[in-house]
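Asker: Residue-level listing of the chains:
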Amino acid sequence: MTYFVIFLGICFMLGVLAVASNPSPYYGVVGLVLASVVSCGWLMSLGVSFVSLALFMIYLGGMLVVFVYSVSLAADPYPEAWGNWRVVGYGLGFVLVVCVGVVLGGFVDFWKVGVSTVDSGGASLVRLDFGGVAVFYSWGVGLFLVAGWGLLLVLFVVLELVRGLSRGAIRAV
Amino acid sequence: MSPLHFSFYSAFTFSSLGLAFHRTHLISALLCLESMMLSMFVPLSIWPVENQTPSFTLVPILMLAFSACEAGTGLAMLVASTRTHGSDHLHNLNLLQC
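One line per chain: the protein sequences are L and C, in this order.
Residue 1 is where the first sequence starts when you use UniProt numbering, and the numbers rise one by one after that.
Residue 1 is where the second sequence starts when you use UniProt numbering, and the numbers rise one by one after that.
Treat the hints as calculated values from the structure; they're not laboratory data.
These figures come from a predicted structure and were not determined experimentally.
Don't take every hint at face value.
[Said to hold, decoys possible] Derived list of chain C stretches under chain L, where covered just means 3 residues or more per stretch with a C-beta under 8 Å from a C-beta of chain L:
hint: 1; region: 6-16
hint: 2; region: 34-45
hint: 3; region: 62-71
hint: 4; region: 77-91
[What the hints assert, rightly or not] Facing chain L, from chain C, some residues (calculated, C-beta under 7 Å):
hint: 5; residue: 3
hint: 6; residue: 25
hint: 7; residue: 27
hint: 8; residue: 49
hint: 9; residue: 54
hint: 10; residue: 55
hint: 11; residue: 57
Idealized CB from N, CA, C, for every residue including glycine.
Only chain L is shown next, with the shape it has when bound in the complex (with noise of 0.2 Å):
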């Protein structure tokens, strides 16, 4: 279990990397799905099965659904994958940016520690994170009116980015 939990951890970085060495978007994008997959496997291993299934749903089936197609906005015509030179050499520098901070910053007490949590055994219907998020509507309603404002406001910014005939913030014609 404990080697499960690690491996889902590795996969998150690769898929980050995967995100972060510049490829071509449409290949961008399969290493961001694969990396939200992963964490979501990663949050429920870890016994927070509530924010893994918001993250499924909102940030994989909301956002990322978004994501994928508006990459059909970026078309190259001689796309770069992860076989290509320039993509293999930016991994490979970022991952040496990480060990050479890992060995300044010291690596101590590397394998001491699990990855067990307080909710990770067992077989509990109801798990810590439900009654978190239900602050958000008891003692947190303010924060949650707050929010929704944000997202509603968001609606009529999209609206004036987008609008056409030099009105618009970016739009010259």
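Chain L is fixed; fit chain C onto it per the hints.
Answerer: Chain C alone, transformed into the frame defined by chain L:
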């Protein structure tokens, strides 16, 4: 540093380095921004269950809401750039000529 903490720490470093370097497309920078958000969401979710403080579970949900706002705004700028210049190449955003 435990292996879990190292995973999302280095994932955040990768994506912020990826955001900092020059790239051809605007959407590549937006994807790096999204992966920064994802690599912040995971430790924010793990931290309340490691410290047994359930009320901090509010923070990743709120962060998800605001990152949806940010992703929508970034994609709106992508669409505006494509409708004006025909592509989302970063060398098209050249009003600041210095």
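Asker: Per the CB criterion, is residue 57 of chain C less than 7 Å away from chain L?
Answerer: It holds, given that the least Cβ distance between residue 57 of chain C and chain L is near 3 Å, below 7 Å.
Asker: Closer than 8 Å, Cβ to Cβ, for at least three residues: run that test on the region 62-71 of chain C against chain L and report holds or violated.
Answerer: holds (count 8)
Asker: Given as covered by chain L, does the region 77-91 of chain C meet the bar of three residues or more with CB within less than 8 Å?
Answerer: holds (count 10)
Asker: When I compare C-beta atoms, does the region 34-45 of chain C have three or more residues closer than 8 Å to chain L?
Answerer: n = 7 at 8 Å, threshold three: holds.
Asker: Three residues or more, CB to CB closer than 8 Å: is that satisfied between the region 6-16 of chain C and chain L?
Answerer: holds (count 8)
Asker: Under 7 Å, Cβ to Cβ, is where residue 54 of chain C needs to be relative to chain L, so tell me if that hint holds or is violated.
Answerer: Hint on residue 54 of chain C: holds, closest Cβ of chain L at ~4 Å, below 7 Å.
Asker: Using Cβ atoms only, decide whether residue 3 of chain C comes closer than 7 Å to chain L, and label the hint accordingly.
Answerer: holds, 5 Å
Asker: Interface hint check: residue 49 of chain C, Cβ to nearest Cβ on chain L, cutoff 7 Å. Holds or violated?
Answerer: holds, 5 Å
Asker: Classify the hint on residue 27 of chain C as holds or violated, based on whether any CB of chain L lies nearer than 7 Å to its CB.
Answerer: OK, holds: residue 27 of chain C within 7 Å of chain L, min 5 Å.
Asker: Given residue 25 of chain C was flagged as interface, is its beta-carbon under 7 Å from a beta-carbon of chain L?
Answerer: Holds. Min distance 5 Å.
Asker: Does the closest beta carbon of chain L sit nearer than 7 Å to the beta carbon of residue 55 of chain C?
Answerer: Holds: closest Cβ of chain L sits about 5 Å from residue 55 of chain C, inside 7 Å.
No hint from the list above goes unmet by this structure.
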